[in-house]
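Student: Single-letter residue listing:
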Amino acid sequence: MNLEHFLKSEAPGWMDGKGLDADIVLSTRIRLARNLESYRFPLSFSEQEAKQVDEVVTQALLNINKDKRIFSHFTIQEMPALQRQVLVEKHLISPLLAKKEKHASVLLSEDETMSVMVNEEDHLRIQCLLPGLQLSETYALANQLDSQLERHLPYAFNESFGYLTSCPTNVGTGLRASVMMHLPALTLSKQIKAVTQMLARFGMVVRGIYGEGSENLGNIYQISNQVTLGKSEEEIIEDLQNVVVQIIQNERGARQSLQKNSRIVLEDRFNRSLGTLRYARVMTSEEAAASLSNVRLGVDLGIIKDVPLNILNECMILIQPGFVQQYAGTTLQPTERDIFRAKLLREKLNVNSQNSLEKGEERYDV
Amino acid sequence: MICEHCQERQASVTVTQVINGQKSERHYCEVCAKQFHPFNIDFHKEEQIPIHQLVANLFGLPVWNNTQEKTQTTTQKATQCPKCGFTFRHFLNEGKLGCPQCYETFSKQLPQVLTKIQAGTTHSGKAPGKPSKDHTWVKKQIETIREQLQIAIMEERFEDAAKLRDEIKELERKLEHGGADTP
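So the protein sequences, as listed, match chains A and B. Under my numbering, the very last position in the first sequence is 366; numbers go up by exactly one each time. Under my numbering, the very last position in the second sequence is 183; numbers go up by exactly one each time.
I should point out that these hints are in silico values taken from the structure, not numbers from a laboratory. Just so it is clear, the structure is predicted and the values come from calculations on it, not from any experiment. One should not assume that every hint holds.
Simulated crosslink set (EDC-like; lysine to aspartate or glutamate; CA at most 20 Å straight-line) [as the list claims (entries may be wrong)]:
| no. | chain 1 | residue 1 | chain 2 | residue 2 |
| --- | --- | --- | --- | --- |
| 1 | B | K116 | B | E94 |
| 2 | B | K83 | A | E47 |
| 3 | B | K139 | A | E159 |
| 4 | B | K174 | A | E159 |
| 5 | B | K83 | A | E234 |
Some residues of chain A that are not near chain B, with every Cβ distance over 10 Å (derived) [said to hold, decoys possible]:
| no. | residue |
| --- | --- |
| 6 | L62 |
| 7 | P168 |
| 8 | T196 |
| 9 | G203 |
| 10 | E234 |
| 11 | T331 |
Glycine is no exception: its CB is placed at the ideal position from the N, C-alpha and C atoms.
Just need the whole structure built from these sequences, with the hints factored in.
Tutor: Dropping the structure here:
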């Protein structure tokens with residue numbers, strides 16, 4: 001499988017709009033941090049060690065899948081910066097890995113649901129992504145790969161501290177489970193702060209999807225466990241599941257009361273946003289994210305009917321700078337990006353809806 | 001009384017100083033006192049008083065022992081990871097450890113850090129190799145036999161102790177094989 005396959009301007013497999021509670025939960029991600037015994041962590045290892053780790057891990061992964069050949073190996077150093085950025089924006093590699101120069105690599109499964117980053121902060125970062133809320137399914141997938149790998153690799157493991165990791169915030173299970181959620185109603189009704197505080201008490205954290213500092217861009221939040229030691233994998237998954245179900249209920253409740261109290265205001269807002277996306281000529285990523293969130297909520301509430309969810313998912317990924325530049329086929333200044341972003345969105349949102357546009361407009365107050 | 005400084009004029013100013021809890025009085029003439037006061041103080045040129053000593057004097061505290069502090073920091077520095085050379089201080093600054101060995105090297109200090117950021121200090125989840133249940137069972141067995149062994153030694157039943165020791169060895173071998181045998 002060549003790299004072009006993974007750079008296609010399509011929503012990755014984990015964003016196909018299927019899965020449980022897919023209207024609110026976009027995707028579920030499981031990450032396992034693992035290290036090899038007798039090699040220093042990437043923070044302090046030598047060039048030689050880095051090379052060996054890369055070789056040993058790659059060999060093990062390719063051995064496991066000898067007959068199926070589901071993993072393809074890519075060296076970060078050999079990729080141009082823009083390609084790295086696209087992979088980051090698809091959540092296939094981390095921003096940290098994209099910056100690495102020393103024998104860092106990534107192994108990707110064909111359908112993009114599984115990836116193994118080599119020599120990121122730890123020697124291995126096993127990652128699995130599935131659409132919707134599927135915590136135990138995603139963990140089962142990651143766990144299976146991990147169990148296969150441990151037969152070929154000498155993992156650094158300690159009786160009392162569990163799986164040893166470079167950062168003590170990952171030690172123990174090495175497990176980080178996160179759920180990406182679209183929470184516009186909780187944000188609109190200003191309940192999100194209370195939710196964040198509640199989560200902190202349960203040992204969970206909230207982040208934005210477009211990286212640190214983008215806290216509520218597009219009203220999308222990533223909720224994950226903080227604690228990795230002192231709880232078993234099953235407990236971590238169960239606790240997160242309970243919390244997420246609770247948040248889904250709250251979001252649905254908030255959506256209902258919004259719809260009851262200010263239907264016409266919402267209709268106006270959603271359709272304005274759709275208009276902006278379809279006709280604007282200059283679009284910043286902030287505006288695009290906010291408009292997409294509005295349209296998405298409109299679709300969820302049945303107010304907007306002619307935009308499929310998977311197109312919206314795709315757009316959410318495509319508005320990011322790396323994708324916009326890939327679409328343009330060259331690196332761009334931020335102001336040029338805004339022009340291409342608008343063009344890209346017009347193309348995506350006008351293609352399949354020309355015919356149904358009028359019907360959709362009539363239908364919305366049913 | 002004659003001025004202590006010029007030894008010529010009549011002393012008319014009395015300066016009282018308390019240093020290290022010792023009170024001393026000096027007598028100067030007006031001319032000399034003016035020179036000294038307030039900034040030209042040259043009494044006790046010979047000894048510069050360190051600031052921490054002054055503070056200690058003020059509060060009547062014992063003087064901070066410099067040498068003790070130094071030895072403490074050097075012992076802390078001495079615990080260096082043999083594999084990667086990290087010290088605990090280095091870890092605290094960096095927030096990350098250098099290698100798997102570090103967890104052994106700093107096994108005493110780490111729990112203090114871990115209790116603040118984690119739900120506990122002991123792993124209770126998945127382990128590589130055999131299903132964890134078998135492991136813990138064999139380990140518990142070894143532990144109980146060890147206790148019996150201790151008692152046997154205390155009671156000087158050396159023949160029993162030798163048997164128990166062999167039993168432990170056998171179980172430990174099983175444990176290792178069990179881990180390696182998994183397909």
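Student: Would you mind marking each hint as holding or not holding in the structure?
Tutor: Hint check results:
Our distance criterion of 20 Å between C-alpha atoms is met by K116 of chain B and E94 of chain B, whose separation comes to about 17 Å. Pair hint K83 of chain B plus E47 of chain A holds up; C-alpha atoms about 16 Å apart against a cutoff of 20 Å. Between K139 of chain B and E159 of chain A the alpha-carbon distance is near 11 Å, which keeps this suggested pair within the 20 Å criterion. Proposed proximity of K174 of chain B and E159 of chain A is supported: the alpha carbons are some 17 Å apart, at most 20 Å.
Distance restraint check for K83 of chain B and E234 of chain A: the Cα-Cα separation of roughly 34 Å exceeds the 20 Å cut-off, and the hinted pair is therefore not satisfied. Non-interface call for L62 of chain A relative to chain B: holds, since the shortest CB-CB distance, roughly 19 Å, exceeds 10 Å. Non-interface call for P168 of chain A relative to chain B: violated, since the shortest CB-CB distance, roughly 6 Å, does not exceed 10 Å. Every CB of chain B is more than 10 Å from the CB of T196 of chain A (nearest about 18 Å), matching its label as outside the interface.
Here G203 of chain A does not stay apart from chain B, with its beta-carbon only about 7 Å from theirs, under the 10 Å limit. Not every CB of chain B is more than 10 Å from the CB of E234 of chain A (nearest about 8 Å), against its label as outside the interface. The beta carbon of T331 of chain A sits about 33 Å from the closest Cβ of chain B, which is more than 10 Å, so the claim that it is off the interface holds.
Checked against the numbered hints given earlier, the structure breaks hints 5, 7, 9, 10 and satisfies all the rest.
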